[in-house]
Amino acid sequence: AQSVAQPEDQVNVAEGNPLTVKCTYSVSGNPYLFWYVQYPNRGLQFLLKYITGDNLVKGSYGFEAEFNKSQTSFHLKKPSALVSDSALYFCAVRDTGNTPLVFGKGTRLSVIA
Amino acid sequence: DAGITQSPRHKVTETGTPVTLRCHQTENHRYMYWYRQDPGHGLRLIHYSYGVKDTDKGEVSDGYSVSRSKTEDFLLTLESATSSQTSVYFCAISHPQGPGYTFGSGTRLTVV
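Line by line, the protein sequences give chains H and V.
Using the numbering used here, the first residue of the first sequence is number 289, and each one after it goes up by one.
Using the numbering used here, the first residue of the second sequence is number 352, and each one after it goes up by one.
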């Protein structure tokens with residue numbers, strides 16, 4: 289069975305500083321990894337995904353994530369945080385093309401001006 | 352998202368009453384999912400469908416049933432609502448390529 293851990297409930301960062309939101313996963317086969325963002329009273333929006341290929345994945349709004357197979361991690365990063373990045377971030381994984389996604393519990397990012 | 356809509360957006364219901372939530376897609380995708388979102392739990396899968404009349408249980412399926420009689424509609428029914436089913440419910444459709452899932456805007460259900 290697959291699982292996802294987001295070890296931090298809350299991440300606080302000053303505007304302009306780099307940010308990292310952590311995610312580790314467990315799957316039996318090759319992982320398909322995703323990051324989604326949720327703004328208040330909205331549904332989840334896709335940020336980026338890793339299926340295969342380059343370990344560094346670039347996504348929407350300047351976000352990127354690095355797939356590390358040996359550490360089973362897929363941390364979300366951004367070089368310079370914006371106040372508008374403040375939101376709830378979810379990491380998700382599945383092990384084949386059509387099994388349901390398993391989500392982490394979410395990390396609330398707060399960017400302070 | 353324009354390709355997937357959920358109704359109603361908000362509902363308050365009494366304990367013991369049946370409730371049906373609707374998810375409608377215009378994308379003609381085969382796979383559809385129902386998740387619930389609760390603080391401290393993230394999103395948890397309730398049921399999913401891999402085609403018309405083909406459904407399967409998820410992690411938290413007790414107290415819920417689903418039906419998919421047409422490709423475009425996936426219904427979630429709470430047979431007898433309980434306060435523990437107070438939650439935000441999200442429907443999603445799966446893209447074979449692209450963003451994994453596209454989510455609806457959610458239904459906020461309160462059981463009093």
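Since the hints were made in silico from the structure, they are not lab data.
Among the hints, a few may not be true.
In silico DSBU-like links for lysine-lysine, alpha-carbon gap of 30 angstroms or less [to be verified]:
no. : chain 1 : residue 1 : chain 2 : residue 2
1   : H       : 365       : H       : 337
2   : V       : 421       : V       : 404
3   : V       : 362       : H       : 393
4   : V       : 362       : V       : 404
5   : H       : 393       : V       : 408
6   : V       : 408       : H       : 337
7   : V       : 408       : V       : 421
8   : H       : 365       : H       : 346
9   : H       : 365       : H       : 310
Cβ pair distances, simulated, as ranges [stated by the list, open to error]:
no. : chain 1 : residue 1 : chain 2 : residue 2 : range
10  : V       : 389       : H       : 365       : 24 to 34 angstroms
11  : H       : 317       : V       : 421       : 47 to 57 angstroms
12  : H       : 368       : V       : 424       : 20 to 30 angstroms
Not everything, but these chain V residues come out facing chain H in the computed CB check (under 10 angstroms) [claimed, not checked]:
no. : residue
13  : 388
14  : 426
15  : 428
16  : 441
17  : 451
All of these numbers come straight from a predicted model, not from anything done at the bench.
The beta carbon of each residue, even a glycine, is placed where N, CA and C say it ideally should be.
Going down the list of hints, with the structure as the test:
Distance restraint check for residue 365(H) and residue 337(H): the Cα-Cα separation of roughly 13 angstroms lies within the 30 angstroms cut-off, and the hinted pair is therefore satisfied. For the hint linking residue 421(V) to residue 404(V), the alpha-carbon distance of about 8 angstroms falls within 30 angstroms, and the restraint holds. A C-alpha spacing of about 24 angstroms is found between residue 362(V) and residue 393(H), which places the hinted pair at or below 30 angstroms, so the restraint holds. For the given pair, residue 362(V) sits about 26 angstroms from residue 404(V) by alpha-carbon distance, which is consistent with the 30 angstroms threshold.
At roughly 20 angstroms between alpha-carbon atoms, residue 393(H) and residue 408(V) fall within 30 angstroms of each other, so this suggested pair holds. Restraint check for residue 408(V) and residue 337(H): satisfied, since their Cα atoms lie roughly 25 angstroms apart, inside the 30 angstroms limit. Under the criterion of a C-alpha separation no larger than 30 angstroms, the hint pairing residue 408(V) with residue 421(V) is consistent with the structure, at around 19 angstroms. At roughly 10 angstroms between alpha-carbon atoms, residue 365(H) and residue 346(H) fall within 30 angstroms of each other, so this suggested pair holds.
Under the criterion of a C-alpha separation no larger than 30 angstroms, the hint pairing residue 365(H) with residue 310(H) is consistent with the structure, at around 9 angstroms. For residue 389(V) and residue 365(H), the Cβ-Cβ distance of about 28 angstroms falls inside the hinted range of 24 to 34 angstroms, so the restraint holds. A hinted range of 47 to 57 angstroms for the beta carbons of residue 317(H) and residue 421(V) is inconsistent with their spacing of about 33 angstroms. As the Cβ distance of residue 368(H) to residue 424(V) is approximately 44 angstroms, the hint placing it in 20 to 30 angstroms is violated.
Using the Cβ-Cβ criterion of 10 angstroms, the hint placing residue 388(V) at the interface with chain H is satisfied: the shortest such distance is roughly 8 angstroms. Because the beta carbon of residue 426(V) sits about 18 angstroms from the nearest beta carbon in chain H, more than 10 angstroms, this interface hint is broken. Taken as an interface hint, residue 428(V) does not check out: its beta carbon lies about 19 angstroms from the nearest beta carbon of chain H, beyond 10 angstroms. The restraint placing residue 441(V) at the interface with chain H holds, with a minimum CB-CB distance near 6 angstroms, inside the 10 angstroms limit.
The closest approach between the C-beta of residue 451(V) and any C-beta of chain H is roughly 5 angstroms, which is under the 10 angstroms cut-off, so the hint is satisfied.
When each numbered hint is compared with the structure, violations occur for hints 11, 12, 14, 15.
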